[in-house]
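Student: In the order they appear, the protein sequences are chains A and B. When we follow the numbering used here, the leftmost residue of the first sequence carries the number 53, and every step to the right adds one. When we follow the numbering used here, the leftmost residue of the second sequence carries the number 166, and every step to the right adds one.
It is possible that part of the hints are untrue.
Said to hold, decoys possible - Per label pair, the in silico range of CB-to-CB distance:
1) B:Tyr181 x A:Gly323: 55 to 65 Å
2) A:Val199 x B:Asp231: 55 to 65 Å
3) A:Pro177 x B:Glu344: 42 to 52 Å
4) A:Met497 x B:Asn206: 37 to 47 Å
5) A:Arg290 x B:Thr288: 34 to 44 Å
6) A:Gly300 x B:Thr288: 44 to 54 Å
7) B:Ser224 x A:Gly186: 53 to 63 Å
8) B:Asp234 x A:Arg380: 39 to 49 Å
9) A:Arg502 x B:His278: 29 to 39 Å
10) B:Ala280 x A:Gly291: 35 to 45 Å
11) B:Asp231 x A:Pro285: 28 to 38 Å
12) A:Val199 x B:Ala280: 33 to 43 Å
13) A:Gly186 x B:Arg196: 54 to 64 Å
These are calculated hints, taken from the structure and not from any lab test. Just so we're clear, the structure is a prediction, and the values are computed from it rather than from any experiment. Using N, Cα and C, we set each Cβ at its ideal position, and we do this for glycine too.
Letter by letter, the chains look like this.
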Amino acid sequence: MRLPAMLKDAGLTAFVAAALGIFIVGFRTVDVGSSKGLSFDYHFADLAVAVVTIFLGRLGLSLAAAGLRWPAIALGAVMVAAGASPLTLPSGFLHWFVALGGVLLLIRAVWPWANDAVTLATRTPSGVALKDAGTKWFGWLLLAGAVLLPFTPVADQKTMDLAVLILTYVMLGWGLNIVVGLAGLLDLGYVAFYAVGAYAYALLSTQHGLGFWTVLPLAGMMAALFGVLLGFPVLRLRGDYLAIVTLGFGEIIRLVILNWVDLTNGPAGIGSIPGPTLFGAVFAETPPAGKQTVSQMLGISFDGIHRLIFLYYIILVLALITNLFTQRMRRLPVGRAWEALREDETACRALGINPTNTKLTAFAIGAMFAGFAGSFFAAKQRFISPESFVFIESAIILAIVVLGGMGSQIGVVLAAVLLIGLPEWFRDLGNYRMLAFGLAMVLIMVFRPRGLVAHREPSLRLHPNRPAGGG
Amino acid sequence: MAEQPMLAVAGVTTFYGAIQALHGVDLEVARGEIVALIGANGAGKSTLLMTICGSPRASGGAVRLDGEDITALPTHEIVRRGVAQVPEGRRIFPRMSVFENLQMGATLGVPAHFAHDLERVFTMFPRLAERRDQRGGTLSGGEQQMLAIGRALMSRPRLLLLDEPSLGLAPLIVRQIFEVIGRIAREEGVTIFLVEQNAYHALRLADRGYVLANGRVRLSGAGRELLANAEVRAAYLEGGHA
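With the hints as extra help, turn the sequences into a complete structure.
Tutor: Below you can see the structure in the form of structure tokens.
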């Protein structure tokens, strides 16, 4: 595109933005008192800044697309500077708007360059070796980092809380990955099994006095049972239909929990759920009757963070079990059948695979891990209510799997860190953190449309000297 | 044919909703035979093959395998009885490697046979051995067809059903594929039932053939006989052949 065409295109975009924005941004109705009713407040300066930003942004994108890298970078830098400058724009939001637009433009301008450089670097002999080593050792490094995290100076209350939260989602992502990533069954109601696990532990512990370690396997089995119950009628359905039914199932479970007040205490939730114990010792400052605290048992002084670190290791181990289990399953006939089923159901039937049973195992095993995670969640929070198991949770877990690159285990970890970690780290941005979050998601989908880790490792190779990777 | 046929299709009718695709088809395949079913587009060839596999299910008549009625069985149960299928359009698993595709074919096989069967497929199709770690979807059409046939053989079937193995392949590759099908029957003793539009190649290879038109068997006889038949020549062979 020539420069006049680019200017025309940018002008058109700015015109559309102005036409749309004039009613949304330009006018605002204000209440001028009970007798006078409503009147208009005009925000044309806001609108003008937004339209100019859009004009420049569009122009910059066209420049970048035409290969004019430096003008685009310059334009992006100017926008960032303008957004960050003390220059008074009509509202704080506009500062963010201009600056983020500039950042987007910079990324777009630099991306092909960086991409080429990286591709070129990975072609050189040392680059190839580095990449191989990287894919091989990255998972192990990540694991080592996760194991050592509580001993590092960054491990304060806030970080550990966030780490536990992220790991919970990593585990849920790995569990759902079996269903969605491997077996290719779009499950929009995964949170239902999470809820089953959580309520199983909450009820069994508060009403029957069972401990966390006793209930954990029971909760998993319970969730798996619900998976089978749901799976039987619906697994004949494919694609969109299956997604709709699972969505409905998720809501049904939530509504039952909400309305079966006698059993679940309804919207008020269940409180004072006991936390997990370490060899019978509890994490508390003062021991309850007939028990001892962990600090007494170990002879150390009480610190609230010990409980968090303990929880952290529990969820780390649970998540790793999920991962190891999935990796093993992928090498077994049933795991391979899951993947084959995702690729082509008709071909699977022609090979003598019973599709219903195969899907059912994927569904039940996925549900089982959600059940484990659910009972961990209940033990960690010590209070659960139906509000924790709404559809948005299913959507987030699914987003983790999809952004991670369907079926990739390490991708789930990266996506969970991004999706759960980013909104927390951006908390300082206040109301704009969801904007930044949305931007991050759009960027991932633009630059990695098939997920962060789109490459699929074969589950088995023939050459013994090239062992299967960690995936 | 005094001996009981391996596959017997007796008066089979099949419907797609309200549309009748097969009107009482009778045919038989004896042990060790190669039987070809030819016919024009929409004659019901693929429907018949799929009806034998139980999907869609025949609404009338019976399909018998070694005398056992398999009409009402689900596909995977029929496959379990030693029937392997090379589906139309090959339907290999595109994201899985050649090796993994063959592994999937061995799902029903005895694990102890796996290494031997794999070697057998690789001997039959050396190209697959060269590409064992390549993803199925990146193979050429001919290689994908070889993979589909190899995958079907991994379960050591008694009866191999092939749906249009020549579809969309270059003439040279078609010749190779038919040559291999002949070898599978003669050297491995696998009974073969083949559905083809490429009447010339199919009838030249087959011991016997059936001609299907509008959901009915129009003609049947020895492969060479049908090839010489004036009606068959006029309908399916004139205008040049591969």
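Student: Hints first: check each against the structure and report whether it holds.
Tutor: A quick look at each hint next to the structure:
At roughly 59 Å, the beta-carbon separation of Tyr181 of chain B and Gly323 of chain A lies within the given 55 to 65 Å, and the hint holds. Here the CB-CB span from Val199 of chain A to Asp231 of chain B is close to 59 Å, well matched to the stated 55 to 65 Å. Separated by about 44 Å at the C-beta atoms, Pro177 of chain A and Glu344 of chain B satisfy the suggested range of 42 to 52 Å. Restraint check, Met497 of chain A to Asn206 of chain B: a C-beta distance of roughly 42 Å satisfies the suggested window 37 to 47 Å.
At about 38 Å, the CB distance of Arg290 of chain A to Thr288 of chain B agrees with the hint of 34 to 44 Å. The hinted range of 44 to 54 Å is satisfied by Gly300 of chain A and Thr288 of chain B, whose Cβ atoms lie roughly 52 Å apart. Checked against the hint of 53 to 63 Å, the pair Ser224 of chain B and Gly186 of chain A passes, with Cβ atoms roughly 59 Å apart. Between Asp234 of chain B and Arg380 of chain A the CB atoms are about 40 Å apart, so this pair conforms to the stated range of 39 to 49 Å.
A C-beta distance of roughly 37 Å is found between Arg502 of chain A and His278 of chain B, which places it inside the suggested range of 29 to 39 Å. The hinted window of 35 to 45 Å between Ala280 of chain B and Gly291 of chain A holds, with their beta carbons roughly 37 Å apart. The hinted window of 28 to 38 Å between Asp231 of chain B and Pro285 of chain A holds, with their beta carbons roughly 35 Å apart. In this structure, Val199 of chain A and Ala280 of chain B meet the distance hint of 33 to 43 Å, their C-beta atoms being roughly 39 Å apart.
As the Cβ distance of Gly186 of chain A to Arg196 of chain B is approximately 57 Å, the hint placing it in 54 to 64 Å holds.
Of the numbered hints listed earlier, not one is contradicted by the structure.
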